[in-house]
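Taken in sequence, the protein lines are chains Z and G.
So the number in the numbering used here is just where the residue sits in the first sequence, counting from 1, plus 26.
So the number in the numbering used here is just where the residue sits in the second sequence, counting from 1, plus 10.
Please note: incorrect hints may appear among the correct ones.
[Stated by the list, open to error] Coverage of chain G stretches by chain Z, computed from C-beta distances (three or more under 8 angstroms per stretch; other residues unrestricted): (1) 75-89; (2) 190-202.
[Unchecked claim] Under 8 angstroms between C-beta atoms, here's a sample of chain Z residues computed to sit facing chain G: (3) Asp212; (4) Ile215; (5) Leu280; (6) Arg298.
Keep in mind the hints are simulated off the structure, nothing from the lab.
The C-beta atom is built at its ideal place from N, Cα and C for all residues, glycine as well.
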Amino acid sequence: MSHLLEIRDLVVTFTTPEGQIRPVDGVSLTLDAGETLGLVGESGCGKTVLALSILRLVTEPGRITSGQILWKGRDLLTLTPRKMRAVRGQEIAMIFQEPMTALNPVFTVGNQIAETMVVHQRKSWKVAMQDAVDLLRLVAIPDPERRVHDYPHQMSGGMRQRVLIAMALSCNPELILADEPTTALDVTIQAQILELLDRLRQERGLAVLHITHDLGVVAEVADRVAVMYTGRVVEEAPVTDLFHDPLHPYTLGLMASRPRTVEAPPAGARRRLPAIQGMVPPLTRLPAGCHFAPRCPDLFAACQVAPPPLYPMGPGRAVACEKFNPEEQDRLASPADEGDERDENARA
Amino acid sequence: MRMPVPDLLKVTDLVKRFPAGQRLLGRPHAWVRAVDGVSLTVARGETLGLVGESGSGKTTLGRCILRLIEPDRGSILFDGVDLLSLSKRRMRALRREMQIIFQDPFGSLNPRMKVSTIIAEPLIIHGLARRQDRPRRVAELLEMVGLDPGCGGRYPHEFSGGQRQRIGIARALAVSPRLIIADEPVSSLDVSVQAQVLNLLAELQERLGLAYLFIAHDLAVVRHISDRVAVMYRGRIVESARAEDLYAHPLHPYTRALLASVPVRDPDQRRPRSLLAGEPPSPVGEMQGCSFASRCPLVEERCRREDPALRPHGEGRQVACHLVEPVSVEIAGVRGDR
């Protein structure tokens, strides 16, 4: 069965004064029509670079060095620049995080939405401007006939984010790459935007790659989730499995270290959060073995040797952790049990 | 009954307006009421969380309390002393007792100063440690915030965001304050580092008996750290209560909507999200009636006319809403319980 999008073993390299780094280091992912894949990770884990590389927007000193990005069966990395331009915007569109800077301040929002349609779909400006009004209505901007003539500075952050979504939708894409689309917004406005994205996905059968650092957002929007750490996917799972039974120590740590809002806090957790020790290592100084090893509470000898591959863990699940290495299960049996206990404590 | 101990901080009816539009050489013709009659108290050793969305006035309020911004009206009592009546000089002396931690660990530390100088500066300004004692005091402070006591010779850019925030905390602690105003102290940090800094703040509070005014937009973080929580909307406090009461039974329609908007970390509990239509109204100009009336799902005629006062509502709680009557506690509690 072929997927709408299939990323195979993608590696992106950046040349820095301190040496070569790999913000994306062998990532494989799939995405089907109508599906939302949540991509979670902290800053510097490579999630934005991954999205940019799908559109081949990685620029110097960055370079896609190996792997494939199969879009409806064709490898995007082999397309001519001209063919790639046709994919961008028309088939795959991106929504950026910063609604304050992603719009051009000297053009009206209508002009900016219409421009994509004039360029990609060869519509006349007159038709395109009318369509821009319809798009603003679709993303629930009140009084779209008037607002289409507004400049970005005349709009609030939430309105600008809606304009960016309208712009992304203007050429009827099949896939939207949403990079932290609600991070800059207030929580009541975030709720409105998440609702809007979900409605559009249902109405148009859109596939969405939703990049975020917020586990709450993931729980609300995603069908499947991939957790990234220092350029690699460390855990992949259907959303309910991930939240009910997180496997990777990093996923566990992330979930435990965030205080809860609406759910009652577990007893005794009032003052001390189970924080992950240490910090994300800089990509220039990664450990030789598993990148999470220096912060991991469940360390095995194998963790210091090489980064673990993703071990399959049942339907749609995989985890890159030696604790789940099937061949090592016997040898690791006793320390692994201890580890499980500690996990229980972390969860409690 | 215990003898009432005066609150460490008592703010009454504080107002700060900023000019919004100005004619050339003329007087301003419109005003933004950033802080619009706020009253609050912080007890010794207590954490008051102040939540609100962007533009609600929470940062301005924090700065007015330290007189980093001069308020227009109202009173601020710190340990019984009226701050607004103090001369600049005496105010500066009193700032030793009240310090601030800023949001941006990159912008709030001078990049040309060594960490030891950054931390020693308040000691010098307030004449607190003799020159020969300073290095020891700096090392002590660094250790207290979980940094290597020997790292004072390094510059801010050599540290990560979380470490810089620790340096900012060490600087605030240098003068042994009793109150710390923490303005979004963890919001620019990664999740795993946020937890470390929150733990540090809680530890320091226990050890040093600090009181915090903890300003943040993140409802989960505020719940975790606070004893009491005040919710701000458009320059006003609309509800305040003990943290567990506020989160379990929010009474003000805005508090309820705010809590209902937070994504829940349980995919089995997905629910309709946008309970609040529209956006906060423009803060420019005079306001009539309840500040939340334009977005409130329960709005009535009276709300647009009369400004609801912040009234006591059961133990330790205040609510500013015409529709929340003392008798409706049960019903409102059940409806608001999500």
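Q.
Is the coverage entry for the segment 190-202 of chain G by chain Z consistent with the three-residue Cβ rule at 8 angstroms?
A. holds (count 3)
Q) Given as covered by chain Z, does the segment 75-89 of chain G meet the bar of three residues or more with CB within less than 8 angstroms? A) violated (count 0)
**Q.** Interface hint status, Z/Arg298 versus chain G (Cβ within 8 angstroms)
**A.** holds (6 angstroms)
Q.
Is the interface hint satisfied for Z/Ile215? The criterion is a beta-carbon contact with chain G at less than 8 angstroms.
A. Holds, because the Cβ-Cβ distance from Z/Ile215 to chain G comes to roughly 7 angstroms (cut-off 8 angstroms).
Q. Do the numbers back the hint for Z/Leu280, that is, is its least Cβ distance to chain G under 8 angstroms?
A. For Z/Leu280, the interface hint holds, since the closest Cβ of chain G sits about 6 angstroms away, which is under 8 angstroms.
Q: Would you check whether Z/Asp212 satisfies its interface hint, that is, whether its CB is within less than 8 angstroms of any CB in chain G?
A: Since chain G brings a Cβ to about 4 angstroms from Z/Asp212, closer than 8 angstroms, the hint holds.
Hint check: a violation occurs at hint 1 only; the rest are consistent with the structure.
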